[in-house]
Amino acid sequence: MQLDNKIPSGPIEDLWEQHQFEMKLVNPNNKRKFEIIIVGSGLAGASAAATLGELGYRVKVFTYHDSPRRAHSIAAQGGINAAKNYKGDGDSVFRLFYDTVKGGDFRSREANVYRLAQVSLQIIDQCVAQGVPFAREYGGLLDNRSFGGAQVSRTFYARGQTGQQLLLGAYQALERQVNAGTVTVFNRSEMLDVVVVDGRAAGIVVRDLITGEVTSHSAHAVVLGTGGYSNAFYLSTNAKASNATAIWRAHRKGALFANPCYTQIHPTCIPPSGEHQSKLTLMSESLRNDGRIWVPKEIGDDRPADEIPESERDYYLERRYPAFGNLVPRDVASRNAKTMVDQGRGVGPRNNGVYLDFSAAIDRLGATTIKERYSNLFEMYERITGEDPYRVPMRIYPAPHYTMGGLWVDYHLETTIPGLYAIGEANFSDHGANRLGASALMQGLADGYFVLPYTIGDYLAPLLGAKPVPTDHPAFAAAEADVRDRVAALLGVKGTRSVDWFHRELGKIVWDYCGMARNEAGLEKALSEIPALRAEFHRDVRVLGENETYNQSLEKAGRVADFFELAELMCRDALHRAESCGGHFREESQTEDGEALRDDEHFAYVAAWEWNGQGTEPTLHTEDLKFDYVSLSQRSYK
Amino acid sequence: MEITLRVWRQPGPDAPGDFETYRAAGISEDMSFLEMLDVVNEQLIAENREPIAFDHDCREGICGSCGFMIDGQAHGPQRGTATCQLHMRQYTDGAEITIEPFRANGFPIVKDLAVNRKAFDRIVESGGYISVATGSAPDANLIPVPKATADRAMDAAACIGCGACVAACPNGAGQLFTAAKLAHLNLLPQGKPERYTRAEAMVDTMEHYFGSCTNMGECSVACPAEISLDFIALLNGEYAKAKLRSRRA
Ligand SMILES: Cc1cc2nc3c(=O)[nH]c(=O)nc-3n(C[C@H](O)[C@H](O)[C@H](O)COP(=O)(O)OP(=O)(O)OC[C@H]3O[C@@H](n4cnc5c(N)ncnc54)[C@H](O)[C@@H]3O)c2cc1C
Ligand code: FES
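One line per chain: the protein sequences are A and B, in this order.
The opening residue of the first sequence carries number 1 in this note's numbering; numbering runs sequentially from there.
The opening residue of the second sequence carries number 1 in this note's numbering; numbering runs sequentially from there.
These are calculated hints, taken from the structure and not from any lab test.
Source: prediction; values computed, not measured.
Using N, Cα and C, we set each Cβ at its ideal position, and we do this for glycine too.
Watch out, some of these pointers could steer you wrong.
Sample of chain B residues with no beta-carbon within 12 Å of chain A, all distances over it, derived [as the list claims (entries may be wrong)]:
no., residue
1, T92
2, D93
3, N215
Short derived list, chain A residues pointing at chain B, Cβ under 10 Å [stated by the list, open to error]:
no., residue
4, Q2
5, Q126
6, P133
7, L174
8, T215
9, A239
10, G274
11, Y449
12, V499
13, D500
14, T549
15, Y637
All chains should be built: construct the whole structure from the sequences, respecting the hints.
So, in structure tokens, the structure goes:
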């Protein structure tokens with residue numbers, strides 16, 4: 001298969017504008033003749049649905065949540081980037097582009113990233129007009145902060161609840177279209193398959209989570225804004241229900257899956273407190289602006305923090321990376337924390353964390369200032385751990401957080417199945433091997449508000465007059481039958497172990513061998529353990545109750561079944577990529593002082609995998625990455 | 001520690017329900033309330049009994065999915081805390097805890113502790129937005145907003161839409177939720193043009209689903225986002241002005 005990324009040629013600054021002109025348009029009066037299905041109501045899905053509805057398309061939105069407003073995007077804390085340069089500190093579209101390409105360790109497409117940086121400007125305008133209450137300065141203008149190691153202040157934020165406010169903005173715009181009659185929302189409805197007819201996306205099959213009813217829906221195009229797959233690790237910062245079923249089912253129907261091994265482990269999360277741990281809580285990265293990270297110098301030093309004198313503390317990030325100190329990028333901060341804990345210098349009752357200490361900042365700025373900046377985070381920390389971070393240093397440890405991999409899409413955000421699009425975290429597009437802080441919200445909204453609504457027209461325009469494939473087409477019947485069989489099979493096992501047990505076991509394998517550091521032997525091991533555990537799952541899982549009621553174990557069972565298959569692909573991709581880049585650290589490929597070592601000669605490409613059926617190896621397709629504007633260099637934060 | 005739980009079990013929206021009692025051993029104080037329920041559910045599954053259904057997702061107090069009555073209080077005893085953020089260190093060994101779903105006419109029961117809160121979406125749909133089509137916005141810094149105004153709008157916008165306010169209200173009123181959204185939008189300059197139509201539409205829709213407010217104040221006490229009662233006064237004012245204007249028109 002030849003992957004055509006549809007990137008137009010020309011100077012990068014003009015590509016998007018010129019391409020918008022070149023793409024086919026659907027006449028305003030004809031838009032209502034087209035039906036579009038959007039799965040997902042997070043930032044990406046809700047913004048796309050609202051915009052397409054405003055343009056006049058007829059849109060159906062599906063979400064497994066009870067309300068579109070509950071999508072996982074709601075939990076984002078820190079902020080959203082935009083190259084507004086309101087601070088006059090030298091930011092520009094080019095700088096945001098440059099930082100993103102470099103931060104992604106040269107594994108993303110320049111053209112996509114440039115477009116992202118360009119539309120970042122409009123996103124902020126749009127959100128403010130919708131009433132998103134971003135933080136402001138006393139003069140009434142918008143405030144910005146620097147985030148995740150950026151050298152400029154380009155992050156817009158709404159207290160520690162930026163994702164909430166952006167999502168509510170998009171949700172309200174979506175509800176406005178519901179009121180206008182252009183958008184219909186199907187809540188508590190889970191998409192369980194994509195239907196492809198004559199090589200094009202024709203619709204989806206959905207299960208009603210309350211009644212168990214399985215139905216088909218057809219449209220001219222299908223858009224997946226279904227989020228990331230960090231929950232393959234079981235423990236992650238993602239919401240409990242976040243899952244990969246939508247993109248995995250699309251993958252099984254022919255959509256290539258790109259860079260599944262690129263996962264981001266966030267450095268500042270609260271360490272697990274025991275086996276009962278059900279998810280991990282992120283402590284915003286902004287804390288690293290004022291907190292100092294350290295561990296005891298001595299291995300096995302169990303004294304409480306305040307009894308360890310300065311001279312016996314190792315501020316290891318400040319020591320190893322004098323220029324960036326505690327603000328090194330996420331992957332570097334995470335890996336270093338792991339090294340400390342692996343060396344036996346971890347802190348806390350389970351020796352599974354490192355300190356994030358605010359005492360110096362409190363001395364310097366006063367407790368009031370620190371309180372103003374972080375009080376909600378400190379309160380959250382205290383509720384969870386029972387410790388007061390004003391007095392005792394926080395304990396943090398890295399946790400799976402974001403997945404850069406996802407469905408392969410071209411410049412139009414279209415997957416390899418014509419008419420099937422992927423937006424937001426569900427696609428692989430813009431972050432390369434490592435995402436910068438505050439850039440996921442930007443990308444989700446860029447895709448949904450400003451890119452997809454235009455590119456989808458290019459696909460739809462020639463279809464004018466064509467009706468969507470009717471849902472009594474045999475392909476829908478076959479997909480529905482398959483969904484019913486899968487549900488019946490899960491209910492029919494009547495085994496001995498719960499779904500959560502299997503999920504937790506799977507997560508341990510993925511975390512141990514495909515987590516912060518990976519090596520050939522470990523990945524080979526994972527590739528033999530995962531299929532064995534999967535077989536056991538299908539033989540021994542216990543899903544009680546029936547299909548016809550609200551059955552949360554059944555929902556989870558279907559999602560975990562898909563995680564098993566995806567986890568295998570993650571490991572396979574990690575094994576094949578024998579270089580280190582961004583969040584993918586192969587122990588075999590590091591510099592003398594232990595930093596990630598890329599291999600541009602062999603791996604400067606996107607790895608896009610094709611499904612060949614259960615038990616058969618997937619086929620690898622590659623898309624070469626070219627760098628004309630940012631020259632390939634080894635990242636250095638020393 | 002060991003605790004005893006009385007849990008409302010109801011197989012479906014129209015089926016009768018009742019309390020069942022479960023004992024949970026080996027509960028650690030580091031567990032969240034929902035993690036304690038996870039443990040109980042694992043135990044139930046091991047005994048071949050259906051686990052307790054309850055809505056939840058973020059487990060960080062922000063998505064508004066979780067929430068039920070804990071010993072008669074929406075989200076339990078800790079102020080400003082959603083159920084998922086409540087931790088077992090709030091309880092002592094041997095505690096007996098009763099949990100049941102939010103009960104309000106506006107929130108029909110789905111199963112066990114899960115309820116249907118679609119009515120909230122309807123209120124927002126009726127006018128809880130600022131009409132601005134994508135791409136039509138002016139530069140974000142064109143209209144300065146005084147910091148105090150922006151902060152106050154944010155205080156209101158912090159509502160997580162969980163429904164605890166309705167559940168805590170003896171009348172099952174939806175005022176606090178509606179007021180929070182209305183205040184967020186009406187306080188900002190961007191929200192002014194639709195100020196009155198919004199107030200009317202949202203309040204009329206609210207009244208269709210929920211009971212009437214008699215200023216008991218229980219809603220604000222139960223609210224995990226600590227939304228202030230002042231916003232209800234604001235809502236009443238906006239609504240009165242809107243009615244006056246539409247009568248004149
Ligand atoms: C704790 C936390 C903090 C974060 N903070 C930041 C930050 O400060 N800045 C930043 O830029 N990024 C941040 N991120 C990342 C960012 O929040 C996410 O990447 C982004 O919100 C994803 O948005 P999305 O629209 O792609 O998907 P989501 O918000 O995950 O939405 C997915 C939607 O798809 C639906 N769905 C999924 N599968 C199905 C199916 N099969 N059937 C029906 N519906 C389905 C869900 O119901 C949901 O509506 C953070 C992430 C976490 C976990
Ligand atoms: S689970 Fe999201 S608020 Fe409690």
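Verification of the hints:
no., hint, in the structure
1, T92, "14 Å, holds"
2, D93, "16 Å, holds"
3, N215, "27 Å, holds"
4, Q2, "34 Å, violated"
5, Q126, "5 Å, holds"
6, P133, "4 Å, holds"
7, L174, "9 Å, holds"
8, T215, "19 Å, violated"
9, A239, "4 Å, holds"
10, G274, "6 Å, holds"
11, Y449, "5 Å, holds"
12, V499, "9 Å, holds"
13, D500, "7 Å, holds"
14, T549, "6 Å, holds"
15, Y637, "30 Å, violated"
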